[in-house]
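The chain contents come next:
There are 6 protein chains.
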Amino acid sequence: MRIRVINPNTTAAMTDKIGTAALHVARPGTEIIAVNPLSGPVSIESHFDEAVAAIGVCEEIRAGEQAGTDAYVIACFGDPGLYAARELTRAPVIGIAEAAFHMASLIATRFSIVTTLGRTGIIAERLLDEYGMAVRCRKVRAAEIPVLELEHNPRAAFERIVAESLRAKAEDNIGAIVLGCGGMANLTDAISAAVGLPVVEGVTAAVALAEAMVSLKLQTSKFGDLDTPPAKAFVGQFSHFSR
Amino acid sequence: MRIRVINPNTTAAMTDKIGTAALHVARPGTEIIAVNPLSGPVSIESHFDEAVAAIGVCEEIRAGEQAGTDAYVIACFGDPGLYAARELTRAPVIGIAEAAFHMASLIATRFSIVTTLGRTGIIAERLLDEYGMAVRCRKVRAAEIPVLELEHNPRAAFERIVAESLRAKAEDNIGAIVLGCGGMANLTDAISAAVGLPVVEGVTAAVALAEAMVSLKLQTSKFGDLDTPPAKAFVGQFSHFSR
Amino acid sequence: MRIRVINPNTTAAMTDKIGTAALHVARPGTEIIAVNPLSGPVSIESHFDEAVAAIGVCEEIRAGEQAGTDAYVIACFGDPGLYAARELTRAPVIGIAEAAFHMASLIATRFSIVTTLGRTGIIAERLLDEYGMAVRCRKVRAAEIPVLELEHNPRAAFERIVAESLRAKAEDNIGAIVLGCGGMANLTDAISAAVGLPVVEGVTAAVALAEAMVSLKLQTSKFGDLDTPPAKAFVGQFSHFSR
Amino acid sequence: MRIRVINPNTTAAMTDKIGTAALHVARPGTEIIAVNPLSGPVSIESHFDEAVAAIGVCEEIRAGEQAGTDAYVIACFGDPGLYAARELTRAPVIGIAEAAFHMASLIATRFSIVTTLGRTGIIAERLLDEYGMAVRCRKVRAAEIPVLELEHNPRAAFERIVAESLRAKAEDNIGAIVLGCGGMANLTDAISAAVGLPVVEGVTAAVALAEAMVSLKLQTSKFGDLDTPPAKAFVGQFSHFSR
Amino acid sequence: MRIRVINPNTTAAMTDKIGTAALHVARPGTEIIAVNPLSGPVSIESHFDEAVAAIGVCEEIRAGEQAGTDAYVIACFGDPGLYAARELTRAPVIGIAEAAFHMASLIATRFSIVTTLGRTGIIAERLLDEYGMAVRCRKVRAAEIPVLELEHNPRAAFERIVAESLRAKAEDNIGAIVLGCGGMANLTDAISAAVGLPVVEGVTAAVALAEAMVSLKLQTSKFGDLDTPPAKAFVGQFSHFSR
Amino acid sequence: MRIRVINPNTTAAMTDKIGTAALHVARPGTEIIAVNPLSGPVSIESHFDEAVAAIGVCEEIRAGEQAGTDAYVIACFGDPGLYAARELTRAPVIGIAEAAFHMASLIATRFSIVTTLGRTGIIAERLLDEYGMAVRCRKVRAAEIPVLELEHNPRAAFERIVAESLRAKAEDNIGAIVLGCGGMANLTDAISAAVGLPVVEGVTAAVALAEAMVSLKLQTSKFGDLDTPPAKAFVGQFSHFSR
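Sequence order for the protein chains is A, B, C, D, E and F. Straight run, no breaks: the first sequence in our numbering ends on number 243. Straight run, no breaks: the second sequence in our numbering ends on number 243. Straight run, no breaks: the third sequence in our numbering ends on number 243. Straight run, no breaks: the fourth sequence in our numbering ends on number 243. Straight run, no breaks: the fifth sequence in our numbering ends on number 243. Straight run, no breaks: the sixth sequence in our numbering ends on number 243.
Please note that the accuracy of each hint is not assured.
[As the list claims (entries may be wrong)] Straight-line Cα separation of at most 27 Å, BS3-like style, residue types lysine-lysine; simulated pairs: (1) F:Lys139 x E:Lys222; (2) D:Lys139 x D:Lys169; (3) C:Lys217 x B:Lys139; (4) F:Lys139 x F:Lys169.
[Stated by the list, open to error] Chain D is faced by these chain F residues, among others (derived, beta-carbon under 10 Å): (5) Glu125; (6) Arg126; (7) Asp129.
[What the hints assert, rightly or not] Where chain B lies over chain A, by a calculated footprint (3+ residues, C-beta under 8 Å): (8) 41 to 48; (9) 52 to 65; (10) 78 to 92; (11) 122 to 135; (12) 224 to 231.
Just so you know, the hints here were simulated from the structure itself, not pulled from any lab data. Values in this document were obtained by computation on a predicted structure and should not be read as measured data. Glycine included, every Cβ here is placed at the ideal spot set by N, Cα and C.
Same shape as in the complex, but just chain A:
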């Protein structure tokens, strides 16, 4: 099967890292197509970045539909454009935040999230509420690392993530850590080893869920709000979306 892993930001190095992490957990027969949009922000650290990135996600879904795709992963912890993306395809579309929450809830009764910046913690809080997972999460914690520091200064970033995770372990009465950024996808094992707790990371969780859904032949429902959008005109720079 072919899974299109969409890094919603435009930093190719992060796309590569995400693709490598995805491949690491994929089944033998799974083809991982790691992509990022041609247009958009180099990292996602605000509601605005996320809104722009959602367009890139939709473009990549459209490209994926042309290329033939069995499932999609949106590899940013805010799950940008998730519902829009689902409207554009019958294939399953999985956000890495929802994937991580679902998986974490299966191995631990309570978890904490360790994310990059405090300001994006609110996005995680909102997703917890929306996905019904708020009661499972003890605390959203920020290591206060700009996203691209994960690329430019990985050692220091790793240490701050571990330090914050250890605080979570000591203080939060939890059974697992959820990593709150797609850019941490390569660190899962090392963090788990350093912290001594199960660590759930979204990119890998989403790839495994995508494989599971394809096995089950489960596809995005075309009944109700996820049906193909009504055909209509778009104008200006979005005129190519007209149908």
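Here the structure of chain A is known, so what remains is to put chains B, C, D, E and F in place on it, guided by the hints.
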């Protein structure tokens, strides 16, 4: 004061109608600038339309910042791009769904929403949850009118909205109706008269709230998640967002 | 328009202060009638004080109806008698707690409340639940100031409020402070300046909301539970309520 | 032990009926003092009636404290003045709505409420939310009987209550009925027999709970928000509340 | 009346202690039958212990039905087997956690729980959610005492419970403590005296509630999910459950 | 990998059917060990049946630990013994209700459940609350089929399930159906074809999730409440649980 009322779709006729409705309730000294993006969908009837429209909303906030603006209204019932927009300005930004919910909750203990299409009802449900208003809303009802029918076939649209509102009045044990589409902004009084219930409409509610906030000198907080987005590069068609 | 701002306690000095704060934000054409009941507690610091004050609120609504009133504000942070008051008039009736919560939610994703006494914090908690705003409020904090200290010892009171607000700013991960007592209505700007965060105060918020609602011709629904109470006999000291 | 059962309205016939029902379930050694305030509404059918009745409840608590009382019951389904009453005494104070909800939750996983008027249903809804019982209650149903019809036209009232209860049994997927008015206290057994479902009535439930709490020596906490109100001046018709 | 107080673990010393505590609050005419299953764990400190203990509870309900029983108490703070037990009898069945929560909510607006082990705190959290009491409980605290230490080392256990309760009093802004283990049933008065707060203990609360329900002739509903289980075959070691 | 699929009831024919359904979706390298306890009820249709079945589930986990197992599935829609089972192993343990809810939430915004008996609907409601999925589920519907009718009278059972699913499709405004019984595992495709909606079935969903978790090396956390139960004595028929 100057309020920029942003119609997130690109249909100028709807922008005019929204602007007229806004002007109708504005104070003498209030200047209403009704605008719509140059790029985007001609109507908003899906998650995808909403995601694209959010970019147009952000563009219009940026234009408004150049022009000098005291408050913004996002005149689509899904409040597309609301948090992103708030990051881009210190001026208040008000979505018409939240405005309508807040106002309705001040005059009635329970209300129902009458919207256009059933498929967008889920967006209203999600906003009710997010804004803490779910317990106030008895039912989200759809008149099953495509948005542009409000422009092209206003008489028939009006009659279907009234019919659905009368069903709500008869069955839902409510004190008020909330209209679930910015394109209904000119119909408020007529619907209220026909239905015999208070009717809350979001464009007008948001304009009045915006005036109230400017009076109070309340501005979007720049502490926490609504602070100006971190400066960064954007590439491709969004490169003009780089800072 | 004429707005009757009801201080539910009987301390005229506080009524004056509230009236002045209301006038400070009111539009040019707005007449502020600041009143307090003839009977009731000199301050409101308990459920019992609030229950008694609710009668005074209702008396003032009745007086306001005789005098002609376009909107009412209940200027105590527990919103005492709110639903009863709404039954007695078609004019909008706004509690300062609900006004402050609604306004704060439009400028910040999360806020904390700084109130007078810890024992009344529970009233704020209950209103947060009832108005659907619990998720928005990080913490209800008390400066542990008896209400009348705001009159008798304003300097010390101010300093304690600022100190508690600064703790909220440092610890609560918030974008705004909500002041939890009508008696703080004159301190908004000074506290905001001292704390360096947006501060939302309920009396002023409610006046601006009331003006907005009158602009919109929104009136308390007479359908359902807010309809005029069934006519009936009252006996004893409340016999004047018979209809 | 001595339990003061306070009918918050001023209709002596209803007080008698409530007292009789209370006595019917009381233990041998329990003295039931059924009282009603000297001042207030003859029945409680609105938020306003409830606000006024709360004063009468507080007066009766004060009288009960003079007389020596082991526990209080507030015998109106809106639990008017409950928290205020608790501040005024160390004895337990139990509202009949909360008593009925607690008891019903012990014998059935889901119940429906059958109350008098639709307009007071909202009070039951609010209490269900506040007491954490919303998930237990399938539906709040109204027989649309004015409260005093229970006195003046008991046969017709009984039949309407039974009819509505039978609809609840047929449609609501429930295990029990909760009667939503203190004035139905004498009908419990007859309704249960006619409907063929367990019926929980609040006055009797509250008396039994009060006895239980006295057995346990549980008293209203004087730590936190239920502590005796701060001593202060009251003026006008409430000056006798000054301490 | 005859109340069967079931200690779900098999430690007879704890059964005796629970029986004594139950008798201490029972009315003169109440017969307390304190029992424990012949099979099961010697203490309950995990989900697994609880699952096994649920069978013992059901066996004791069956034995109680043979012997004639007016009400049952399940004397373990996880309320193991509660719904199953209710299916097996028309008599009321009360768990000590629910009993304690209900009673605590009647005397204090907020409480904290002091339990034995941190790992069983999650069971209390889940029950708080299920019973609608989560908002009432500020914190679930563990004294980190293995359950049988309450038998073997009562003095040390008492001191740790008091120490944790004093922390709750100092930090949690509460009006009462709920004791989170049936094995603390004999300590209620001593803890309350040492802590200076009302203390609610479940065994005694449940006995008093059971007496109340029997007075009211309230029985477990046989309509809906608590009806007698469908007759069917059981095999193996559970074949005696066949009907 | 080796997945032990535990049918918690003792009907071997159902175990076979479940095993076949599991095998149908399993990856080539996955070994499915379908088992049922030696002791317990022949079907699960009540809280009591579920409590007894939980013991059988634990026995099968213990047997699985001896045999070497990579993941477990509990193949009854009430997820009996789920937390206890998790304590007994490091391997993932997945209930079919949670698996179905998670998967359904990834392909549809709202779903309805079609289960066997109305009386067990309450179990589904409780799990929806506990797993945070209540907002996703529009309605729990019962086809009113005894569980073993699925074995003895499959054609009639199938028709009733389809009929109820069609009602859900027509009335519930949903995007998917969740099948609410492990005994329907073989019917998924046929029901989906007959109803024309995506159908999510728990056994298959859980097997796919289990494979995903094993791929990810995610194991049940041994920190906190899912840690191995404290070693202790069990007596009587459960003495073999002593450690």
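_Numbers of unmet hints, in rising order_ = When the structure is compared with the hints, none of them turns out to be violated.
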